Amino acid sequence: MSKVIQGKIFVVDDNIDTDQIIPAEYLTLVPSKLDEYEKLGSYALIGLPDRYGKFVTPGQAKTEYPIIVAGENFGCGSSREHAPIALGASGVKAVVAQSYARIFFRNCAATGELYPWESVERLCDEFQTGQEVTIDFDQNQITNHSLNKVYVLKSLGEVRPVIDAGGIFAYARQTGMISR
Amino acid sequence: MGMTLTEKILAKAAGRSVVEPGENIWVNVDVLMTHDVCGPGTIGVFKREFGADAKVWDSEKIVLIPDHYIFTADERANRNVDILRDFAQEQSIKYFYDITDRANFKANPDYKGVCHIALAQEGHTRPGEVLFGTDSHTCNAGAFGQFATGIGNTDAGFIMGTGKLLIKVPATMRFVLNGEMPDYLLAKDLILQIIGDISVAGATYRTMEFAGEAVQRMTMEERMTLCNMAIEAGGKNGTIAPDETTYEYVRARTDKPFESFYTDSDANFYSDRTYDVSQLEPVVAKPHSPDNRALARECRDVKIDRVYIGSCTGGKTTDFINAARILKGHQVKVPTYIVPATQKVYEDLFTYKHEGQTLSEIFLNSGCIEPAAPSCAACLGGPKDTFGRMNKPEVCVSTTNRNFPGRMGEKTAQIYLASPYTAAASALTGYVTDPREFLG
Chain A
8 MSKVIQGKIF VVDDNIDTDQ IIPAEYLTLV PSKLDEYEKL GSYALIGLPD RYGKFVTPGQ
68 AKTEYPIIVA GENFGCGSSR EHAPIALGAS GVKAVVAQSY ARIFFRNCAA TGELYPWESV
128 ERLCDEFQTG QEVTIDFDQN QITNHSLNKV YVLKSLGEVR PVIDAGGIFA YARQTGMISR
Chain B
43 MGMTLTEKIL AKAAGRSVVE PGENIWVNVD VLMTHDVCGP GTIGVFKREF GADAKVWDSE
103 KIVLIPDHYI FTADERANRN VDILRDFAQE QSIKYFYDIT DRANFKANPD YKGVCHIALA
163 QEGHTRPGEV LFGTDSHTCN AGAFGQFATG IGNTDAGFIM GTGKLLIKVP ATMRFVLNGE
223 MPDYLLAKDL ILQIIGDISV AGATYRTMEF AGEAVQRMTM EERMTLCNMA IEAGGKNGTI
283 APDETTYEYV RARTDKPFES FYTDSDANFY SDRTYDVSQL EPVVAKPHSP DNRALARECR
343 DVKIDRVYIG SCTGGKTTDF INAARILKGH QVKVPTYIVP ATQKVYEDLF TYKHEGQTLS
403 EIFLNSGCIE PAAPSCAACL GGPKDTFGRM NKPEVCVSTT NRNFPGRMGE KTAQIYLASP
463 YTAAASALTG YVTDPREFLG
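These protein sequences, in sequence, are chains A and B.
Under my numbering, think of the first position of the first sequence as 8, with each following residue one higher.
Under my numbering, think of the first position of the second sequence as 43, with each following residue one higher.
By construction, these hints were calculated from the structure, which means they are not laboratory data.
For clarity, every value in this text was computed on a predicted model and none was experimentally measured.
For each residue, glycine too, the CB sits at the ideal point set by N, CA and C.
You may find that some hints are simply not true.
[Stated by the list, open to error] In silico contact screen, one side only, chain A against chain B (beta carbon under 7 Å); selected entries:
no. : residue
1   : Asp20
2   : Asp26
3   : Thr35
4   : Val37
5   : Pro38
6   : Asp42
7   : Glu45
8   : Ser85
9   : Arg109
10  : Ile110
11  : Asn114
12  : Ala117
13  : Thr118
14  : Asn151
15  : Val157
16  : Phe176
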């Protein structure tokens, strides 16, 4: 079964920490409550410096950028699961970064909110916010249609089926690791 | 081939004799800690996945510590503490450090304050154990020779139901800190030095083990400062081998038996660095990253608007004793916030004496703002009415652990991370200041 994700990208650089992804003042929102989950999405990346522009238009619940392109150490800082959840709730399907902070990567898999792809090259200097890309899951590559170029991604490996299933609990049930 | 202390703890928790870095193993959990920010979400995951009537795996191994957003009028923040309370009652959770009277924290004897320090002070940190917490600074407890790391709500919900977690065994980076600590250096200087050397991603997925004679001579509170900031280098956990200092602290707080593990002399390290601490100088981390290191004396022209002394990293009793040592007999030039980590630390401010005066007297006489109620407070911004929160684009010297944009509130505010000595010295001049200017 071939799988692709297509859409506009939002580009950030290195060490985007969890306070920039979802500032602490919004952590009173509890992700397991549906209305508060949606609200978290509307605040995704609101802590970024202003030079990046708006990731979610104020007043909107969702972003127009389903894919984030980043540099090194994306998601560093706190263990707050609100971070991948805010991105997922805003409509992000994948992040393509050079590297990730450990807990953020783990929380992506645990929640199944989004795919944390790793790029081989540094894409955040070459790509620009608003460009159209396609991520091909079987070829492990990302195509930038504006630049008309194809770039290799590292395989998601064992993380992909977990996120495909919708997180660790769903995966564990699907594969018979836990009952019910 | 020998094993590191972290590998031995994880092997025991997995019921195996040997584990190797990179292996994925299931470990049995000794303690799961959660707080008011991530507890409600963890409980939500637990109920969704295990059922509305499900029981936690062990009501004596879960520790609930409200500490983040307590003294606020924010209704959702208050509701989140109520969710913890309801759950603690429903599940008969043995260790829940509740607060019901927010107007007067002293009227709540059970209330502790910042979770990582409360865990240690209440005897929940013990050598050889596996501790998970829904907070990245859970690595603080590695100071006690245990495995401790931060996790998200979903993993915590899984542990609540099963008492287990699947984790990858981290490789160990060893940092040997030798030499005599100069009078003007603190553990905070050492960890900022190390993070500056290896970067905020320098220990990603790995253990940072601190060893050497300078570490052996440290108090438990200084050791906690080292391990607390392992996450600021991306580390999975920080560790220090237990010794008499550890045993004395732990045995004074719990009767629970524990087992000590030590790194073998032929253990494998991912990297092995040695420092001579006598050669180091007071440092700060400049905005906006904990690895943006500079010598404090090189930042003497940076004018500041406030000083903040608090948090799990920099709000322990020792941190305030150190700040008082600099402040005594002088006047601060900028608003200086004193935020004790826990109720116990708060009490110490009024009982511990330095040269004949209590710490609180020293702070008030030097013009600091009256010590605040113990909590995480402005370390991570929080609701708009949080004590000490940066609401303007100002410059702050802080003993906390992070200075990413917006960490303490306003996203253009600038935070210089520093030791309690450097923070206090900076308060006295209104500029980032090397504490040697005030230490004879």
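Hint check:
With its C-beta approaching chain B no nearer than about 12 Å, A:Asp20 sits outside the 7 Å limit, and its interface hint is violated. For A:Asp26, the interface hint holds, since its Cβ comes within 7 Å of a Cβ in chain B; the closest pair sits about 5 Å apart. Hint status for A:Thr35: holds, given a least beta-carbon distance of 4 Å to chain B, under 7 Å. The interface hint given for A:Val37 holds, since its Cβ lies 4 Å from the closest Cβ of chain B, which is under the 7 Å cut-off.
A distance limit of 7 Å between C-beta atoms decides the matter here; for A:Pro38 the minimum to chain B is near 5 Å, and the interface restraint holds. Evaluation of the A:Asp42 hint against chain B yields a violated restraint, the C-beta minimum of about 11 Å exceeding 7 Å. Of the supplied interface hints, the one on A:Glu45 is violated, with its beta-carbon coming no nearer than about 14 Å to a beta-carbon of chain B, more than 7 Å. Here the hint on A:Ser85 is kept, as its CB sits about 5 Å from the closest CB of chain B, short of 7 Å.
With a least beta-carbon distance of about 5 Å to chain B, the hint placing A:Arg109 at the interface is held under the 7 Å criterion. The beta carbon of A:Ile110 is positioned within 7 Å of a beta carbon in chain B (closest approach about 6 Å), and the interface hint is therefore held. Interface restraint check for A:Asn114: the shortest CB-CB distance to chain B comes to about 4 Å, inside 7 Å, so the restraint holds. Hint status for A:Ala117 relative to chain B: holds, with the closest Cβ pair at about 4 Å, below 7 Å.
About 5 Å separates the beta-carbon of A:Thr118 from the nearest beta-carbon of chain B, less than 7 Å, and the hint is met. Because the beta carbon of A:Asn151 sits about 25 Å from the nearest beta carbon in chain B, more than 7 Å, this interface hint is broken. Of the supplied interface hints, the one on A:Val157 is violated, with its beta-carbon coming no nearer than about 27 Å to a beta-carbon of chain B, more than 7 Å. Hint status for A:Phe176: holds, given a least beta-carbon distance of 5 Å to chain B, under 7 Å.
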